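Engineer: Those protein sequence lines, which keep their order, are chains F and S. The working numbering runs 25 ahead of the 1-based position in the first sequence. The working numbering runs 620 ahead of the 1-based position in the second sequence.
Simulated from the structure, these hints should not be mistaken for laboratory data. Bear in mind the structure is a predicted one, so any value in this text is a computation, not a measurement. Beta carbons are placed, not taken as given, at the ideal position from N, Cα and C, and that holds for glycine. Do not take every clue at face value.
Examples of chain S residues lying across from chain F (beta carbon under 7 Å, computed) [stated by the list, open to error]:
#1 Lys661
#2 Leu664
#3 Gly681
#4 Ala692
Below are the SDA-like pairs computed for lysine to any residue, each with C-alpha atoms no more than 20 Å apart in a straight line [said to hold, decoys possible]:
#5 S/Lys640 to F/Pro106
#6 S/Lys661 to F/Ser52
#7 S/Lys661 to F/Gly119
#8 F/Lys82 to S/Thr677
#9 S/Lys634 to S/Lys661
#10 S/Lys675 to S/Lys661
#11 S/Lys661 to F/Gln89
#12 F/Lys120 to S/Lys640
#13 S/Lys640 to F/Val69
#14 F/Lys120 to S/Val631
#15 F/Lys120 to S/Asp708
#16 F/Lys120 to S/Asn671
#17 F/Lys132 to S/Glu683
#18 S/Lys675 to S/Phe659
#19 F/Lys95 to S/Pro718
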Amino acid sequence: TQLLEQSPQFLSIQEGENLTVYCNSSSVFSSLQWYRQEPGEGPVLLVTVVTGGEVKKLKRLTFQFGDARKDSSLHITAAQPGDTGLYLCAGAGGKLIFGQGTELSVKP
Amino acid sequence: GAVVSQHPSRVICKSGTSVKIECRSLDFQATTMFWYRQFPKQSLMLMATSNEGSKATYEQGVEKDKFLINHASLTLSTLTVTSAHPEDSSFYICSATPGGSGNTIYFGEGSWLTVV
């Protein structure tokens with residue numbers, strides 16, 4: 026069974042701080058996706074990383090896929106209150122398996 | 621763009637009754653749809669893979685007789701929670717992938733089920 030360990034599960038920071046969320050697995054995934062979810066809504070795709078070592082940037086968000094395609098990280102620079110939400114990593118390998126999620130709270 | 625729609629978005633049912641949730645792909649055909657369950661502030665847990673024209677594939681620990689899945693057409697999958705209990709109260713989300721589009725996955729808006 027493929028499992029994704031996501032950490033931290035809860036994160037509360039002040040506006041302007043940087044943060045990193047990690048997603049680790051013992052399994053290799055063909056691709057890994059990061060989602061953001063608002064309460065009561067479906068998750069919204071932020072990025073898909075496919076190639077080992079790949080780095081993608083989305084404004085203040087930087088996503089990295091590990092060389093072995095078993096882990097990934099999401100780094101947010103200068104976090105803003107609007108970044109508050111549930112961040113989910115998900116590995117694709119036939120079906121999409123989600124990590125436990127990271128509940129981020131950015132306080133003004 | 622591609623849209624996946626769920627109905628109802630919110631439903632309240634009495635304990636012991638059954639409730640059906642629909643997942644529709646509005647502008648593409650989906651041979652495979654996925655059903656997830658999510659508790660507040662927790663991640664999505666895959667319940668089952670819904671296959672058009674064949675039986676659903678359930679994840680370990682998910683009761684197939686309690687969570688009935690029917691994928692009768694290429695644009696519709698339904699999840700029926702039978703003999704619902706309060707502990708079945710949760711957010712249920714479906715997703716679908718258009719054939720031949722690689723890893724593009726589209727999620728529905730989710731359905732809140734409350735069993736009283």
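Engineer: Let me make sure I understand: some of the numbered hints might not hold for this structure. Which ones are they, in numerical order?
Structural biologist: 3, 4, 5, 6, 7, 8, 9, 10, 11, 12, 13, 14, 15, 17, 18 and 19
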